[in-house]
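Participant: Listed below, chain by chain, are the residues.
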Amino acid sequence: MQSGTQARKYRLQGAGLDLALPYLMLAPGLMIVLGVLVYPLWDGLRASAKAYRYGSPIADVGLQNYMHLWSDAQFLNSLWVTVKFVALSVSFEAVLGFALALFCLHEFRGIRLLRTVLIIPMVVTPVVVAIVFRLIYASDAGMLTALSEAMGGGAVQILGNPLNAFIGLVVLDVWEWTPLMFLILLAGLQSLPHEPFEAARVDGAGAWRVFADLTFPMMRPVLAVAIVLRTIDAFGTFDQVFVLTRGGPGEATRLISIYGYDTAFKFQQTGYAAALFVTIGLVVLALAFSAIRLLRRVDAS
Amino acid sequence: MSTRLARILTTIFVLAVVLLPIYWLVSTSLKSNREITQEGTLYPHLPTLDNYVRLFTEKQFGSYLTNSLVVTFFSVAIALIVGAMGAYAIARFRLPFAAERKVGLFLLTLRIIPPVVILIPVYLLMLSLGLLDSWLGLIATYTAFNVTFCVWMMESFFREIPVDLEEAAMVDGDSRFGAFRRITLPLAAPGLAATAIFAVLVTFNEFLFALALTATPRAMTMPRGTATLIGRIDTDWASMSAAGVIGALPIVFFALLVQRHLVRGLTMGAVK
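Residue numbers (this note's numbering), protein chains in the order written: chain Y, 1 to 301; chain Z, 1 to 272.
Errors might be hidden in some of the hints.
Cross-link-like lysine to any residue pairs, in silico, SDA-like; alpha carbons within 20 Å at most [as the list claims (entries may be wrong)]:
1) Lys84/Y x Arg293/Y
2) Lys102/Z x Arg293/Y
3) Lys102/Z x Leu30/Y
Derived from the structure by calculation, the hints contain no laboratory data.
Turn these sequences into a full structure, and let the hints guide you.
Facilitator: This is the structure in structure tokens:
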């Protein structure tokens with residue numbers, strides 16, 4: 001009896017195996033992550049300081065790969081295309097998603113159907129989304145061409161024209177990801193306190209005043225988080241472009257991820273591609289951390 | 001009255017924008033290649049299931065589907081078990097030097113880095129281990145990615161569960177791990193479900209690593225297998241659209257089935 005209570009006491013304070021428990025529980029996950037993510041990350045850093053020929057390292061070149069990036073016209077172009085793509089897509093998604101969330105805030109018939117249907121674009125495999133849009137844009141089999149011919153017009157050229165292909169890619173991204181923006185912002189709107197809005201209604205404020213003075217300022221943090229999340233995600237876009245245009249025509253839709261992939265697997269310049277990816281990683285991390293810091297400052301004030 | 005009309009029109013417009021592309025995919029998959037490219041019909045005049053049959057008889061979509069299911073199941077299951085333990089440790093224990101907090105932050109940082117950044121070294125790693133074009137190589141990679149966000153998501157679910165319950169169980173003679181397994185884990189079940197659902201979606205849909213790490217029907221997943229249909233010169237639209245339907249169907253069905261949990265998982269963290 002005596003020893004039983006003693007043992008119980010030790011257990012509560014954490015004795016024996018229980019002392020090691022937190023480490024034992026953390027270990028498996030950490031080991032997998034260290035082996036499959038962190039080691040490769042470090043290996044990538046090492047590879048980025050080497051020159052490769054036919055996939056095997058031939059010389060240490062220090063930071064030369066990194067320097068070379070900034071005089072590589074194809075890299076600079078892909079960076080520019082990526083920035084344009086991210087800025088345009090995310091802006092449209094934010095505006096449309098916000099508008100849709102405001103629209104759906106009031107309960108009415110058909111809203112559940114709408115919310116359910118809006119889940120589809122973001123859960124469909126990105127490769128399939130790209131196939132769907134190829135089927136829309138294709139000049140021979142496409143929906144746009146079929147519609148145009150049904151109305152007496154000719155074939156519609158989208159993917160063969162640099163500007164149209166780029167716009168087509170942005171449209172794809174907006175179709176796929178506006179629903180996510182919508183869901184996040186709707187959840188944000190639903191979590192806002194009721195009192196200020198009731199007070200405004202008592203005061204007889206118009207819809208625009210309520211939006212500009214109450215809704216928008218109160219939604220700013222959620223909006224910022226949603227935009228940051230989408231921006232980080234959009235920076236790594238690969239699948240959709242790979243299937244839709246493969247980066248073409250020319251370099252019109254060649255995002256940085258596609259250029260990096262080609263550099264590594266098509267042109268076998270492993271070291272140079274590694275340097276490119278390390279640079280992207282650093283840019284995204286810097287972006288994320290400055291966004292977090294900015295958000296904290298907004299929260300504090 | 002006019003707001004009501006505006007609502008109806010907006011709803012119809014949004015539904016059309018979302019559903020028309022899906023309609024076109026399904027309708028194309030039911031046409032013959034001749035009808036697709038030469039006649040440009042707006043709906044299948046001679047509907048046929050040949051395209052679907054061909055995928056499984058000539059193009060090995062049975063293998064792709066099996067590979068996808070096996071790889072998704074194992075990488076999500078392992079990540080959930082391992083992630084739940086890690087998340088619990090971070091949520092409940094206070095270690096020297098705030099180590100548990102640092103581990104959490106570290107995993108979150110890894111999650112922010114776009115996966116494409118480590119594509120090359122992961123490829124080289126799997127090459128040196130002889131795991132290219134195998135289930136194991138894909139499972140290892142996906143498990144690692146899943147662990148980073150499983151820990152992050154589940155940590156917040158564990159924090160919502162009061163510690164008192166575990167302490168009561170321990171007074172009654174449970175070990176700490178026993179209390180975690182018998183008390184905390186079942187209480188966190190809805191959270192675990194949301195995490196699992198999210199992991200299944202991401203893993204089933206993954207393409208980039210499948211593209212680099214697999215090369216034959218031995219290990220190719222659905223998205224990877226679908227991409228093989230995209231030819232350089234002429235495109236087999238009929239097969240491609242049928243493959244799109246087959247690839248999207250299970251995941252859309254699954255997503256609609258678990259809608260509530262899914263929305264919770266997707267919007268979590270952004271609000272609050």
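Participant: Compare the structure with each hint and give your call.
Facilitator: Verification of the supplied hints:
no., hint, in the structure
1, Lys84/Y x Arg293/Y, "violated, 24 Å"
2, Lys102/Z x Arg293/Y, "holds, 18 Å"
3, Lys102/Z x Leu30/Y, "holds, 12 Å"
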